[in-house]
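Protein chains: 2
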Amino acid sequence: MSAEAEQQRDTYSAALVIIGNEILSGRTQDSNTPWIAERLTTQGIILGEVRIISDIEEEIIAAVNMLRTKYDYVFTTGGIGPTHDDITAESIAKAFGVPLERNEEAFRMLEEHYGLEELTPPRAKMSLIPAGARLIPNPVTAAPGFIIENVHVMAGVPRIMHAMLDHVMGMITAGKPILSNTVACSLPEGTVAEDLERLQEKYPQLQMGSYPHYRGGVLGLSLVLRGTDKDALGAATDALIEVIKAHGDEPRALSIRSTD
Amino acid sequence: MSAEAEQQRDTYSAALVIIGNEILSGRTQDSNTPWIAERLTTQGIILGEVRIISDIEEEIIAAVNMLRTKYDYVFTTGGIGPTHDDITAESIAKAFGVPLERNEEAFRMLEEHYGLEELTPPRAKMSLIPAGARLIPNPVTAAPGFIIENVHVMAGVPRIMHAMLDHVMGMITAGKPILSNTVACSLPEGTVAEDLERLQEKYPQLQMGSYPHYRGGVLGLSLVLRGTDKDALGAATDALIEVIKAHGDEPRALSIRSTD
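Residue numbers (our numbering), protein chains in the order written: chain Y, 1 to 260; chain B, 1 to 260.
It should be emphasised that the hints constitute simulated quantities derived from the structure, not laboratory data. Predicted model, so just to flag it, every value in this text is computed and none were measured.
It does not matter which identical chain is used: a pair holds within one copy or between any two.
Straight-line C-alpha distance at most 20 Å; calculated EDC-like pairs for lysine to aspartate or glutamate:
id, residue 1, residue 2
1, Lys70, Glu58
2, Lys245, Glu118
3, Lys202, Asp231
4, Lys245, Asp195
5, Lys70, Glu59
6, Lys176, Glu38
7, Lys176, Asp229
8, Lys202, Asp238
Kindly generate the complete structure, drawing on both the sequences and the hints.
Structure, rendered in structure tokens:
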């Protein structure tokens with residue numbers, strides 16, 4: 001499904017596949033998900049699902065093939081380096097049923113970065129790209145990512161991924177920014193649950209969530225309203241503030257996110 | 001599949017389902033995955049996959065039903081509170097084709113915590129548990145999690161989840177701790193790739209990963225060896241140190257994780 005070919009919509013959908021045993025072992029905290037989610041949100045792309053999988057070929061193929069038909073965009077991070085466990089490009093080629101072949105542009109990028117002498121076989125492997133894919137430049141370590149149909153394959157190292165995502169986001173069809181208002185209070189969740197449900201029914205175009213948290217040992221509650229309809233968001237936020245006041249509390253913090 | 005009924009194995013497999021729009025919107029960083037992954041690892045349970053999904057009934061049902069047949073254990077976090085978007089218990093009941101019913105033990109826990117007067121309908125909703133499930137106590141806010149077959153349903157608030165996981169881990173059949181050694185160096189990944197692949201072929205019982213990272217703007221490399229076979233892990237680590245020295249570098253840090 002190519003979102004680019006369609007007329008622009010308010011929002012698009014996306015899934016993220018994080019390929020990396022280091023996240024699954026607990027060794028590394030995944031910082032790519034919030035970064036990508038935040039970035040997509042500002043461009044009207046709703047992240048519908050994240051899968052963290054290990055570097056097993058069948059797992060990568062199954063996840064990518066399932067998600068690329070379900071979501072407008074798929075993003076992957078990880079597994080495009082030079083070592084034996086970097087099998088993303090080969091797995092994506094198999095998922096699309098296309099050959100994995102030396103990409104001359106990618107080879108030139110690597111040659112320029114490393115010099116021909118330092119371009120060892122493991123490094124040259126990073127020029128193998130699924131046939132028909134477009135490259136995503138890597139300004140940090142040269143080895144490119146790539147785009148095939150609606151699947152965007154990026155590096156897992158955050159610094160490199162950030163640059164690749166910048167490049168990708170400049171190219172894809174975006175929607176309206178998803179705005180979100182957060183109202184914090186000290187009411188228990190059970191106290192506002194019914195009012196919140198009524199508010200959700202009144203504003204079905206908004207997504208409303210309720211998130212209890214502990215800070216400094218004190219239980220607090222963040223109420224989050226999200227959507228692309230600015231007027232509805234404003235009205236619902238005002239109504240929510242009244243709800244909190246009606247229960248004898250004051251909204252303690254109020255963050256309004258907008259691109260205006 | 002009940003792991004408890006089998007003879008003890010070296011390792012077991014698990015999947016984690018994180019139910020929460022707040023992670024997918026980028027609002028909240030997921031800290032539950034590394035916590036759970038780390039804890040499982042010490043008890044010989046390999047986390048094979050994580051899915052972060054939104055609070056949509058069909059998504060929860062599909063994920064849980066797929067994963068509970070594929071992995072020994074499934075853990076879920078999130079969506080067991082009192083608000084309209086807390087639909088995990090209902091979805092899990094549907095996934096197993098059992099009724100969602102008032103659990104008297106859960107009701108008593110909630111009554112004791114809130115008092116009958118404060119036990120509003122949204123709070124009483126938290127006593128609705130799939131038929132046949134066993135409860136996981138919640139020492140923080142009373143609303144329990146539950147276990148149905150190999151699926152362990154926990155709260156999403158980290159502080160509550162930690163207590164629930166402690167309870168669960170004391171009950172389930174564990175394997176041998178998965179040990180891991182990390183050797184850091186300043187060699188580029190492409191330099192050690194071929195040696196690492198040879199080492200992986202020599203020790204197929206270990207999992208070997210190579211993770212470049214930037215710290216203070218300097219590119220470094222962490223090489224991670226993991227497995228339950230302590231002797232193989234020690235020998236492979238020694239061999240890896242020799243590889244790094246042969247390339248003219250010194251291993252800069254060495255963390256050995258073991259339960260001894």
